[in-house]
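Novice: Each chain, letter by letter, is given below.
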Amino acid sequence: MEKKYKKGQILTVIYEERSGRRTLKSTGIVIGQTDSKLILGHNFSVISKRPIDITKIPLKNIIKSEGVVPKEINSLHDLQDNT
Amino acid sequence: MKLVVAIRYIDALFFTKKNIKDMGLKTYIALGHPAVSKNHTIISFTREGGFPIRGLLIPNETLVLEKQKILKKLDIPKSQSRGGCDTGVFWKDMVYFENGKIPNQFAQMYTEGKFFSQTSDAIVIKNPETIEIKKGNIDNYPKVKTTFFIIPRALITGIELYGKKI
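Line order of the protein sequences matches chains Y and U. Note that this note's numbering has the first sequence beginning at 1, numbered continuously upward. Note that this note's numbering has the second sequence beginning at 1001, numbered continuously upward.
Honestly, I wouldn't trust all of these hints.
Stated by the list, open to error - Beta-carbon label-pair distances, calculated as ranges:
#	chain 1	residue 1	chain 2	residue 2	range
1	U	Lys1021	Y	Thr23	43 to 51 Å
2	Y	Gln80	U	Thr1027	19 to 27 Å
3	U	Asn1104	Y	Ser45	25 to 33 Å
4	Y	Arg50	U	Lys1021	17 to 25 Å
5	U	Gly1100	Y	Glu66	20 to 28 Å
Unchecked claim - To list a few chain U residues with every Cβ distance to chain Y over 12 Å, as calculated:
#	residue
6	Met1023
7	Lys1092
8	Tyr1141
9	Thr1146
10	Thr1147
11	Gly1158
If you're looking for bench data, these hints aren't it; they were derived computationally from the structure. Where a beta carbon is used, it is the ideal one built from N, C-alpha and C, also for glycine.
Full structure from sequences and hints, please.
Specialist: This is the structure in structure tokens:
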């Protein structure tokens, strides 16, 4: 039984590419889940909330997932501190 | 593990319909790991061993920051802005990247068309033709016929009105 992910949850997911060649780490908001895939959205229109770039991750390829709380950036100084 | 950030930014907009009512810029939000330089910020959505594989390269001027007013004003003479004069706008665009091919700078764009309107933070060009200027290569952007282009002032690097440089 595949794990159920909550829509709107912000996750960092470690998974193997379909080819199994690389292990990738992807960060985004859960925008959906099918029987076989988790769909993460990475950037959005603030008003429409429509995702622009997404990643579909096969559930069976997920090695680990953890919730994250992103830091809101209000200045370039904040950004430099987190780089 | 480096911190995940949520960052807001604005981007240019294009339209394919005959009329537009809302000329406001839209704000977008991106999640990921940041890497900041003097001119741009890279937000990586996907990484492999700490190396960005997929993400965005965003000019720093388009970041929406509370503590910094980043939009610079460009004055267009009233006489020029009224008549829908031929206008050329040089601007820089953000770049989406994948497969770890991180661009080293933003895209250089040129939009030419009739001056249509301006807002406090953008210039609107009607019947635009836009090209991306690359080394030894010119690409039309986008591939569809556009009717309007809204270009944030923060992205504009130069404007030509009848060949007169501002």
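Novice: Should the label of threonine 1146 of chain U as a non-interface residue stand, given a Cβ cut-off of 12 Å to chain Y?
Specialist: Holds, because the least Cβ-Cβ distance between threonine 1146 of chain U and chain Y comes to about 18 Å, which exceeds 12 Å.
Novice: Please check whether the beta-carbon of threonine 1147 of chain U is more than 12 Å away from every beta-carbon in chain Y.
Specialist: Label holds. Min Cβ-Cβ 20 Å, cutoff 12 Å.
Novice: Between glycine 1100 of chain U and glutamate 66 of chain Y, is the Cβ distance one that fits in 20 to 28 Å?
Specialist: holds (23 Å)
Novice: Is the nearest CB of chain Y more than 12 Å from the CB of glycine 1158 of chain U?
Specialist: holds (24 Å)
Novice: For the hint 43 to 51 Å, verify it against the beta carbon of lysine 1021 of chain U and that of threonine 23 of chain Y.
Specialist: holds (48 Å)
Novice: Lying within 17 to 25 Å: is that true of the beta-carbon distance arginine 50 of chain Y to lysine 1021 of chain U?
Specialist: holds (19 Å)
Novice: Just to be sure I understand the hint, the distance between the Cβ atoms of asparagine 1104 of chain U and serine 45 of chain Y should be within 25 to 33 Å; is that true here?
Specialist: With Cβ atoms ~28 Å apart, the hint holds.
Novice: Beyond 12 Å from every Cβ of chain Y: is that where the Cβ of tyrosine 1141 of chain U lies?
Specialist: Non-interface label on tyrosine 1141 of chain U holds, nearest chain Y Cβ at 16 Å vs cutoff 12 Å.
Novice: Is the Cβ of lysine 1092 of chain U farther than 12 Å from every Cβ of chain Y?
Specialist: holds (17 Å)
Novice: Taking C-beta pairs only, is methionine 1023 of chain U more than 12 Å away from all of chain Y?
Specialist: Holds, since 15 Å exceeds 12 Å.
Novice: Between glutamine 80 of chain Y and threonine 1027 of chain U, does the beta-carbon spacing fit 19 to 27 Å?
Specialist: holds (22 Å)
Checked against the numbered hints above, the structure violates none of them.
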